Amino acid sequence: MKKKLGMSLLTGVVVLAMLFAMAGPAMAAKDTLRVGWSVPARKWNPHLNTAVMLLGHLEPVYEGLVGEGPKGELLPRLATKWEQTKDSITFTLRDDVVFHDGTKFDANAVKANIADVQSGRYPPNAKKLIAISSVEVIDATHIRFHLNRPAPSLLYTLQRFAGLMVSPAALKSNSVDKVPVGTGPWKLDPKRTISGTKYVYTLNKEYWDPSVQGVAEIEINVLSVEQQFNGFASGELEVAGLHSAFVPRAKAAGYKILSPEGPHEALHIYDRTGKIVPELADPRIRRALSYAIDRKAFARVVLQGNSIPSTQRYLPGSQWHSEEIEDLSYNLKKAKELMAEAGVKGFTFDTYSQDAFFDMMNEPIAGMLKKIGVTMNIKSIPIGQLFVAASSGKYAASIMPLIERHPYDFYQAKLAPDAFMNPFKYEDKEIDALAKKAARMDEKSAAPLWTEMSRLAAERGYLIHIGSVHFAIMVSKRAKNVKGRSFSPYNIFFRGVTVE
Amino acid sequence: MIRLILTRLISSVGIFIALSILIFLLMYLVPGSVAVIILDDAATPENIAKLEAELGLDDPLPTQYARWIVNVSKGDFGTSFLNGRPVRDDIIEKFPVTLWLLIGALVIAVVFGLSVGILASLKPGSLLDRSSVLLVTLGISIPNFWLAVLLSMLFAVKLGWLPVFGYTPITEDPILWFKSMLLPWFSLGIVSSTLIARQMRGAMIEVLNTDYVRAARASGIPEHWVVISNGIKNAMIPVITVIGFQVPVIIGGSLIIELVFATPGLGSLTIQSVLDQDLPIVQAVLMVMASLVILTNLVIDISYGWLNPKMRVL
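First to last, the sequence lines map onto chains H and A. When you read off a place in the first sequence, starting at 1, and then add 459, the result is the number in my numbering. When you read off a place in the second sequence, starting at 1, and then add 168, the result is the number in my numbering.
No lab work stands behind these hints: they were computed from the structure. Hints may be right or wrong, so weigh each one.
To be verified - A partial selection of chain A residues facing chain H, derived with a Cβ cut-off under 7 Å:
id, residue
1, V240
2, G243
3, G328
4, A430
To be verified - DEER-style ranges, computed between Cβ atoms:
id, chain 1, residue 1, chain 2, residue 2, range
5, H, S632, A, D227, 57 to 63 Å
6, H, R919, A, W314, 40 to 46 Å
7, A, P228, H, S632, 52 to 58 Å
Said to hold, decoys possible - Calculated pairs, DSS-like style, for lysine-lysine (alpha carbon to alpha carbon, straight line, at most 30 Å):
id, chain 1, residue 1, chain 2, residue 2
8, H, K710, A, K218
9, H, K502, A, K326
10, H, K793, H, K804
11, H, K853, A, K326
Quantities reported herein were computed from a predicted structural model and do not represent experimental measurements. Cβ coordinates follow ideal geometry from the N, Cα and C atoms, glycine included.
All chains, full assembly: derive it from the sequences and hints.
Okay, structure coming up:
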């Protein structure tokens, strides 16, 4: 009896071992680009999104009039050329483009898309197109946006969410809520997509430029940072985000790592009026916070070198970088002196974190501020509520990315009295005057004014800059022509990528 | 027996109603307005007021509960706050994954648990028995998520035999499906199997030392038949309860295990929805999981009564 049972058990173990062995190594699917991603897709209508991490899910499917280069440069896409004057922008459109549902792309489709964004059901994007007072369809391939105010950054805005083109038929029927319908090189395959986990994109055979369709399929897998690293290590992913905690292991393994310039991170001081934290109304206190932050140590230890520390918004090399800015870098003695001069021993303010990345940013900074008696009380908020929290008026300050690339957008989002992220409606007349003047000038003449505006915002402690955080990306040897996307964590361009 | 079934049915319905009320009230435990969560970045005061009116949040709580439970009974769990997708679609998509996970883990738990328990009980105190006790103690002590990480590192990352993450539907590719489920099954099943093994060993030792087993042996019935017909059959009565208890244990464990392997079942959906404060999904998943556990307990109770006549009078 015992023998029989023992034999049965042994047989079971052998069968299981065979099953494991039969499973075999995880082979790379031919002509498929498999990507690890940290967040699931939210809404398929791009006009209802703003979080840059969601761009990856939209990128294969949607295109705008204006394309985006690796450093954010403007490229022709659905518009072959454009001409901007003080009062308008006129676009010449491609005449060989169709949406995934067969609808023809033309000037009327563009007009319907601008109307969708401006409908106001998603204010953050509607505000981005506020400068467009009306849209004039000249003919099928020509369209003019009439402007009611200066719009120096409008073309950059059109590269992303608010400028991506959705089939007007899908907008009308609301089918875009379920499946994305754009003009992009790939289409979402809803049957093979598992919501929240895996998104499969297949080739758009009607695409107007087949030369950019380097792979037949794109598979975006929503994974934790550990799974991305392990999935990449085991050969199940061609591209994966690399969390700073894994950088030493990735470097030791000799993986190819891309580090496109990431979003600039700063401790945003919202309560400049001192409404909920009176101490923050004093510029000396805000500057003390800046002196208390050891940016170099933060970049080296916390971000494993994937960061360029900075006390101002624009890095060296940028046309808006200031050489004349006061030294606001780490100086604990000076920070304590300023606190003493202001007669403040210490104070507490609430801030928030939505995930591990923000915990990683907040906790070391909280530790540094503690050294001058400032307690940063970190509260947990749900994922996707970052901008709601920032604009709620409940928090005096928070570490947030500056995703706005152009100084005009930076001003509109953070500094203007009616800015979305200026919940206490603080007004700095000098900065307002500079921004309004620069917005009416051409790019070259406006540059010194934008530089001055950025310098003043830093020196007056409206934003305590930490630096530019580079979100490293691992790329396997099989994947070629992968380019990182600047100012967009872990984002790459899918166009032109091939897999061997 | 009919009395037992009726009693258990009534108490199950009572538990279900009580749980549904608690699950419904979740919406009111979240700080702030639900409308703010739904609107996200579009949460202007006008939009919030408009949406609150549309959702009927001003109605009395019993009215809101009645409306919700009627919709739930029709399979309408509302729409996701985040992506506007009907929650029912998510449940339909994810439920089979968790069900497969549950079935596979349970099969592993039962097969391994019973085999080890029976083998160990045949010669108490032997090397085999002591080894099995050691294994059982080890199994009970290991948290399933840690076991999952170890298995993943060994079989997926180091050896490359199995995928690190993901899931392939059985209809798409049965072999890939099997590959993607093996590690989650073992991670969940091994710990439960040790509990079953412990119970089976104890029950078998007790039964094999009873007078009627001795009488059976004395009457010349072959040993393997004594073990099967007298030993295993009678020892199974308490073991079935333990197996039943493993259903909620495995469902609970699936929350973490699905996350570890990125398995797109109800567990990972729950965690993601809790993080996103996507309440309709959280409520729907809890309702489905609670129903599954209540139903399992009901079946266990009834089968226990069927196997053990003494239970029928309770």
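Verification of the hints:
The restraint placing V240(A) at the interface with chain H is violated, with a minimum CB-CB distance near 20 Å, outside the 7 Å limit. The interface hint given for G243(A) is violated, since its Cβ lies 18 Å from the closest Cβ of chain H, which is over the 7 Å cut-off. Taking 7 Å as the C-beta contact cut-off toward chain H, the hint placing G328(A) at the interface holds, the least distance being around 4 Å. Nearest Cβ of chain H to the Cβ of A430(A): about 5 Å, under the 7 Å cut. The hint holds.
Distance hint check: the CB atoms of S632(H) and D227(A) are about 31 Å apart, inconsistent with the given range 57 to 63 Å. The hint said 40 to 46 Å for the Cβ distance between R919(H) and W314(A), and at roughly 51 Å that hint is violated. The beta-carbon spacing between P228(A) and S632(H), approximately 37 Å, falls outside the hinted interval of 52 to 58 Å. Straight-line distance between C-alpha atoms of K710(H) and K218(A) comes to about 53 Å, which puts the hinted pair past the 30 Å bound.
The suggested pairing of K502(H) with K326(A) is violated, with an alpha-carbon distance near 37 Å, which exceeds 30 Å. The hinted pair formed by K793(H) and K804(H) meets the criterion: a straight-line CA distance of about 14 Å does not exceed 30 Å. In summary, the hint linking K853(H) to K326(A) is not supported, as the alpha carbons are separated by about 48 Å, beyond the 30 Å threshold.
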